[in-house]
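Line by line, the protein sequences give chains H and S. The opening residue of the first sequence carries number 1 in my numbering; numbering runs sequentially from there. The opening residue of the second sequence carries number 318 in my numbering; numbering runs sequentially from there.
Calculated from the structure, these hints are not laboratory results. These numbers come from a predicted model, not from an experiment. Note that beta-carbon positions come from the ideal geometry of N, C-alpha and C, so glycine has one too. Among the hints, erroneous ones may be present.
Unchecked claim - Sample of chain H residues facing chain S (criterion: CB under 10 Å; computed from the structure):
| hint | residue |
| --- | --- |
| 1 | Ile6 |
| 2 | Ile98 |
| 3 | His287 |
| 4 | Asp308 |
What the hints assert, rightly or not - Straight line, CA to CA, 25 Å or less: simulated PhoX-like cross-link-like pairs of lysine-lysine:
| hint | chain 1 | residue 1 | chain 2 | residue 2 |
| --- | --- | --- | --- | --- |
| 5 | H | Lys249 | S | Lys626 |
| 6 | S | Lys400 | S | Lys347 |
| 7 | H | Lys246 | S | Lys626 |
| 8 | S | Lys586 | H | Lys269 |
There are 2 protein chains.
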Amino acid sequence: MYRETIKIMDCTVRDGGLMNAWQFDDDFVKGIYTACVDAGIDYMEIGYKSSEHAYSREENGPWKFCDETDLRRIVGDNNTDLKLSAMADIGRIDEEDIPQASDSVIDMLRVACYTHQVDKGIALAEHVLDKGYETTLNIMAVSTTMERDLDEALNDIAKSRVKAVYIVDSFGSMYSEQIQSLCEKYRSILGDDVTLGFHGHNNQQLAYANTVEAVIRGVDMLDGSLLGMGRGAGNCPTELLLGFLKNPKYSLRPALQAIQDQMIPMQQKVDWGYHLPYMIVGMLNQHPRSAMACMDGDDRNNLTGFFDKVTDEAIID
Amino acid sequence: MYRETIKIMDCTVRDGGLMNAWQFDDDFVKGIYTACVDAGIDYMEIGYKSSEHAYSREENGPWKFCDETDLRRIVGDNNTDLKLSAMADIGRIDEEDIPQASDSVIDMLRVACYTHQVDKGIALAEHVLDKGYETTLNIMAVSTTMERDLDEALNDIAKSRVKAVYIVDSFGSMYSEQIQSLCEKYRSILGDDVTLGFHGHNNQQLAYANTVEAVIRGVDMLDGSLLGMGRGAGNCPTELLLGFLKNPKYSLRPALQAIQDQMIPMQQKVDWGYHLPYMIVGMLNQHPRSAMACMDGDDRNNLTGFFDKVTDEAIID
């Protein structure tokens, strides 16, 4: 699959950090950065931009905040073709925490919001544009959103200055036919001049397959992470995207280097990936919190017990 | 997805045995059998039917041969709705090794062959039919077969008495568009009265996704294995099929029971699944033997070295 407009966004540090509270050492982050530069990846999402009022420094590593001094310790002035991104969650950041883009090595600030927060999401994304950044709006958990509410949110975005919007399979519950249907909906409401993105989760081993489906349906911004490191079951593996996309700028070998040097050792310490508790909540279209609690407990292999609990709790008439 | 004609074939013991020479203890095989019965699975492939001239008993466990006495020790007379299957490879079995179906608890014998062996495959499959079994013909490695050779093989099958044919992604190299194209080809040459099947491998995390694609394209016999246990990167996880297919006869919970009791302990001993050497050969559309050797060696995490070796060796002008 070759299309010049396709871009890869590697989220290893940002989404992977949800599994270890961003307690990565500098060598790890530098290794991922170097791999992204050498592999020809378009964007690296290096963390969250968050307010220190919202999260504590004691519990969270530097990539929850993405201070300029921390960033420059890794990337210098980033005189490369790789663009750097950080994510901002609605309500977890104040406008005054965001410097002018000209004072930052960050190129893009992505705004994540739920459908019911789309007005706040648009406002923050437009604020970010005014400060000189690229931006995207990532609408989370659309698999549990009523269709008319999603339509209304997309119509609001269509009237805004936001020109890049992500389809997010937050719960890893979708398969190809849902991706196809959402791609058609987003395109028809947002129009042809908006770039679409896709961010998948791997609860049912479909993050990569759904990303390929999204590409076929006209999506151009593709999120991945090395060895799929991300919350719970993780994300689409960036190495699979590099193997799939036909564009001479991409190179798989640097990604393999980072997987052997950084990701395989990390996998010994942090246990993301396809585990049955994540599969079960994905199949049920539920938030992964119950599965994450199960995986952190002593009873993680009691799968029937977990299944009985979540299916019983799900009954609500 | 509901279609009454869809059947699940669990291959945990047969394909999983490729990773441990079928050295399963009886409790393991009984656990898988019980799970298949209780989950409402349609077929369980319990091993290979092979000649003792072709393989040694010292190196291979009983499920490489599927003697009637071994089978009955696990399933008795199998007075259940679950049908039992065994696989036969061309050239690895003699006709006299196959009892009459009325003397066996085996219901189906599947014949695996390469495109260039299709005449032998058809002959063995028709012999098996004459002995009273159900049969399928599984054409391996079609991702490295020239289109006119595949067309000729399919035309030969169309003239035979074989009424079930598998699309097999032996190298785990295909994605949805290839599945779609092969489904159309098989259907157009074989006609509407032939049942199509799909057997995937998970080198690129696409075994389940490709199976779903095959279902959408009219394929009715779906191979899976519990926790995906199978050669190299493994197969489509049966538990994902049970979650996906909408048919009240299927039940996920018994599969979870076997995963916690049999498969998770097995995973501590046998290392199938998504590992980068398998991903690399899948991406390159190569047989997994080099990746399996890499995984068995001391240098399994030297991914760049493995990548350099296989891409260098692949150059042949």
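message: I'd like to know which numbered hints this structure contradicts. Please list them from smallest to largest.
response: 1, 2 and 3
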